[in-house]
Each structure stands twice: as structure tokens, then as C-alpha cells.
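Participant: If you want the building blocks of each chain, they are given just below.
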Amino acid sequence: MSQLDFETWSNGIFQILLNQKIRQVAYVPDAGHLHLIRRCQESERMISVPLTTEEEGVALLAGAWLGGDRGVLLMQSSGVGNCLNMFSLTKVCRMPLLMLVTMRGEWGEFNPWQVPMGQITEKLLTTAGVLTFPVFASGMLEETVDAAAKMVFEGPAAGAVLISQRILGAKTFEK
Amino acid sequence: MDSNRSLHYPLHRREVVEQVLSQRGTMLVVAGLGAPAWDVSAVGDEALNFPLWGAMGGAVSIGLGLALAQPSRRVMVITGDGEMLMGLGSLATVAVQSPPNLAIVVLDNERYGETGMQTTHTADKVDLASVASASGIPTCGTIKDHDGLRSVLPQILAEKGPVFFNIKVCAENLPLVLPPKDGAFLKDRFRLALLGNNAAC
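Protein chains in written order, with this note's numbering: chain A, 121 to 295; chain B, 30 to 230.
Isolated chain A, as found in the complex (with noise of 0.2 Å):
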């Protein structure tokens, strides 16, 4: 994937964000979504919150949504696991939530420390009754983006897109 790739699915996905009134963007930053991180920094129209752990988000997210604030919770595909037994706000709650999630340990991977949550990511959203967008193609993000939001918001529904490491590019330590 080439930097003008990148920062063109990145923008993408950032004016989805803005056409969906998202206002409260929290974050445990991942490479992934280095661009549109900084794109939501800059933004008059957001609030960004970078939190300690992903957990977090989820109970910050419903307190935006308490309040009339949409949100998103942008984290890597490891943060998942941190954010189970919080799911359970969410869902006795009946709120929205939407996720984007840069996935590790599934396409090439260099680490294999992150394998074994990169492997059970989707498997635990869907236990938990979490709706499951995964994209494989850079083609497919902004629109993939746009659909979970609509069932997200129209739902009240949970729902992650799983970018894949096959967009994003394995992650490696080489000079």
C-alpha cells in the first residue's frame, strides 16, 4: 500500500465520519489509523480522547450517546479482548456502537504474540452479539464504513469493521 493510499481510504473514511455527525472520537492509536487520527485531531467538529485502554471507549462512547453525542472507538484488533465485559453496557443499554478495528496477527504477520487474539477477534465480537464488517480491499473501506454506520446508528446496534493486515500492510521491524 502506497502513502497516497493510505491517506486517500483514510479520508475517506474520515468524511464518513463527518457525514454521520460522529462528534466523540476516542482512540487507543494503532498505525493503521495514524491518518485518520490526525484528520479527526484537526477537525472543529470533533472532540478527540485518547484513552489508556480500550475498555474505556466503550463506557465513554455510552455516556456520548447518554448526552446526544455520536460516536466511534478507534482501536487494533488486540484492544478487542479489553473491551468484552464492557460490551455488556452496550448491550443491556441498547446502544450504538461503532468500531473500527485495524486487525494484527491474521495476514503476515511478523509478531507472533499477536496471533492468537488477532485470530479469535471476529469470533468474540460475534459472541458477544457484536455486528462484523470485515474488509480485505482498500476499495471496500469507505463504503463498508458508511453501511456499519448506518446499522450501527438506525440499529441501535454494536458493530466493528475489521480492516484487514492485507490493506494495511504486514507490520515489520526491518530498516
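Treat the hints as calculated values from the structure; they're not laboratory data. The structure presented is a predicted model; accordingly, all values stated were derived computationally and were not measured. Worth double-checking, as some hints may not be accurate.
Just the calculated beta-carbon pair ranges, DEER-fashion [unchecked claim]: (1) A:Trp233 <-> B:Ala222: 43 to 49 Å; (2) B:Gln147 <-> A:Gln135: 49 to 55 Å; (3) A:Ser122 <-> B:Gly73: 35 to 41 Å; (4) A:Leu138 <-> B:Glu188: 56 to 62 Å; (5) B:Pro39 <-> A:Asn231: 50 to 56 Å; (6) A:Glu162 <-> B:Lys210: 38 to 44 Å; (7) B:Val155 <-> A:Trp233: 28 to 34 Å; (8) B:Pro204 <-> A:Glu162: 50 to 56 Å.
If you want the ones that stay clear, here's a sample from chain A, every Cβ over 12 Å from chain B, calculated [what the hints assert, rightly or not]: (9) Trp227; (10) Thr246; (11) Thr252.
Note that the Cβ used here is the ideal one computed from N, Cα and C, for glycine as well.
The hints should help you fit chain B onto chain A, whose structure is shown.
Facilitator: Here is chain B on its own, set in the frame of chain A:
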């Protein structure tokens, strides 16, 4: 460690909550699971209360999201020491956002009250107000008696936030006063009262 010291603290949790909420005005209230939710409900089951029956460790984060969404309203998080200990990182996140309308009150009886009154870390060395202060929350304190509570009540209710007060309360088992427990009902009731017709979208 004197694990029984909290049996003798002079402040009672329900009088503390009564004092905080008796002048609530347009305040929005998030109550942590267990005794704080029962304490808030003992003062009155209100539409603008969001009492938790789960989501342990999430009360402060819920309050933060609400405070950011509703900057013109005072948001009061009332929770317990066990719940707060599970979400210490959220104090750092609050400090970084620094919402001026958020107040956090911890009712610290040094126990896990719902599970058999086992001691929490605050019965030992952990000082929650110091954690909050070191996280960067500008106004923090520990309150141990009635004079202390009287003197900080104006700060809890109105000082520019975020503010954090850890209130040492007597470890006691009180009659349960249970709020509704259907989360969807609590959420819809809250949003209708706060947002009116906009609650539907």
C-alpha cells in the same frame, strides 16, 4: 494495615450523597455499580440519574463522555472505591480532556460491599485522591469528617472541573434501594428527559 478502621469513620455514605444531591438543580448523575447506585436511588429515582448495575470500572468514563456531550450541565459521577480502582486509567483520560463540568465523588469505605465486605487496596496503602492528583486533575482531596464535607461541598457542586473528592465513609450494610435495572429503559428515560424530541435519533 488496620482493616477495620473504616468501621469507625464518622461520615455515612447516604448522608454524603443526600448532601451532594439535595442541591442538584440540572445536574446529570452517573452512579457506579453496587452501593453508590443504591445510595443515589435512596435520595430519589430520577430520570437524570444513570445508575449502573454492571460496567465495573466504567463510571468515570461514562461521566466523561456525558460531560463532553453536555458542556453546559454539571455531570456528577458518584462511585465506590472498588469500582474506581478498576478504572484508574480513566482518571488520566479525564485529566487530559479536562472537562470543566465534571465532578467525581468516590464513597470510599475500603470494602467490596456487594461481595462480602472484603477490603480493597484503599484499606491498605492506596490513596485515590493522590492518584487523581498525580494524573493531573487540578482539584482533588480526601474528606474524612463532617467539617471537611461542609467545606468542600461548594467545590463538588460548582468549582471549575474536573474535580475529584475521595470521601472516607463508614463501612456499613444498609437496606437496598434498587433503581430500575433495565438498561434500555434507564438510557431511554435519561435521553428523553435530557434531549426531548431529539432522543429518538
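Participant: Just tell me: holds or violated, for the beta carbon distance of B:Pro204 and A:Glu162 against 50 to 56 Å?
Facilitator: 53 Å, holds
Participant: Given a hinted range of 38 to 44 Å, is it respected by the beta-carbon distance of A:Glu162 and B:Lys210?
Facilitator: 42 Å, holds
Participant: Quick check: does the Cβ-Cβ distance between A:Ser122 and B:Gly73 fall within 35 to 41 Å?
Facilitator: 60 Å, violated
Participant: Do the beta carbons of B:Pro39 and A:Asn231 sit within 50 to 56 Å of each other?
Facilitator: 54 Å, holds
Participant: For the hint 49 to 55 Å, verify it against the beta carbon of B:Gln147 and that of A:Gln135.
Facilitator: Between B:Gln147 and A:Gln135, where Cβ atoms are some 51 Å apart, the hint holds.
Participant: Does A:Thr246 clear chain B by more than 12 Å, comparing its Cβ with all Cβ atoms of that chain?
Facilitator: 21 Å, holds
Participant: Lying within 56 to 62 Å: is that true of the beta-carbon distance A:Leu138 to B:Glu188?
Facilitator: 35 Å, violated
Participant: Falls inside 43 to 49 Å, the C-beta gap from A:Trp233 to B:Ala222?
Facilitator: 47 Å, holds
Participant: Beyond 12 Å from every Cβ of chain B: is that where the Cβ of A:Trp227 lies?
Facilitator: 30 Å, holds
Participant: Does A:Thr252 sit more than 12 Å from chain B, CB to CB?
Facilitator: At about 22 Å from chain B, A:Thr252 clears the 12 Å cut-off, so the statement holds.
Participant: Between B:Val155 and A:Trp233, is the Cβ distance one that fits in 28 to 34 Å?
Facilitator: 30 Å, holds
Hint violations for this structure: numbers 3 and 4, all remaining hints satisfied.
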